[in-house]
Amino acid sequence: MSYYIISTDNCVFLTCEGISSLNEMTAAWREVRDELAQKSLNRVLVNVTALRTSPTTAELFDLAKLFWRDFPQGGRIALVVRWEQSRWAKSLEMLVRTLGMWLTVFVSEEQAEAWVLLGTHDEQAVEAFAQ
0 MSYYIISTDN CVFLTCEGIS SLNEMTAAWR EVRDELAQKS LNRVLVNVTA
50 LRTSPTTAEL FDLAKLFWRD FPQGGRIALV VRWEQSRWAK SLEMLVRTLG
100 MWLTVFVSEE QAEAWVLLGT HDEQAVEAFA Q
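Anchor point for the sequence shown: position 118 equals 117 in numbering that gives the first Met the number 0, and the numbering is continuous, going up by one each time.
Treat each hint with caution, since some may be false.
What the hints assert, rightly or not - Restricting the straight-line Cα-Cα distance to at most 25 Å, the calculated cross-link-like pairs of lysine to aspartate or glutamate (DMTMM-like) are:
| # | residue 1 | residue 2 |
| --- | --- | --- |
| 1 | 64 | 83 |
| 2 | 89 | 61 |
| 3 | 38 | 58 |
| 4 | 89 | 16 |
Don't read these hints as lab results, they were simulated from the structure.
Generate coordinates for the entire structure from the input sequences, incorporating the hints supplied.
Now the structure itself:
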């Protein structure tokens, strides 16, 4: 799996491509957590539309624990998926929310970005871009 991390003043963007393993996802998420801590951020947009693998049920539980561990209080995670990925993604959303985190699944990157930036300074830039 290859991944890219881009950090702005208000959010960290993680894009994952190819074939993913839990170990690779863990490494990527550690980098995201480090970036969040370094910049005192609490918002992440994860785009997995280019992944060619889907997690098993056991991996969903592991991903939920991975996202939950050390995530900033009151943070948001927007997960962007393809339509055919939405079933496992919604399961992950329910698991993470039972742990007290705010993760929402989207099939539109634009909607995900608008939601994750809601209430930040970048929100105005998103609205201006959409017009």
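Okay, the hints, checked on the actual structure:
The hinted pair formed by residue 64 and residue 83 meets the criterion: a straight-line CA distance of about 23 Å does not exceed 25 Å. Distance check on the hinted pair: residue 89 and residue 61 sit about 15 Å apart at the alpha-carbon level, within 25 Å; holds. Only pairs whose Cα atoms come within 25 Å are accepted, and residue 38 paired with residue 58 is rejected, the gap being roughly 29 Å. Simply put, residue 89 and residue 16 have alpha-carbon atoms about 20 Å apart, close enough for the 25 Å limit, and the pair holds.
In terms of the numbered hints stated before, the structure departs from hint 3 and from no other.
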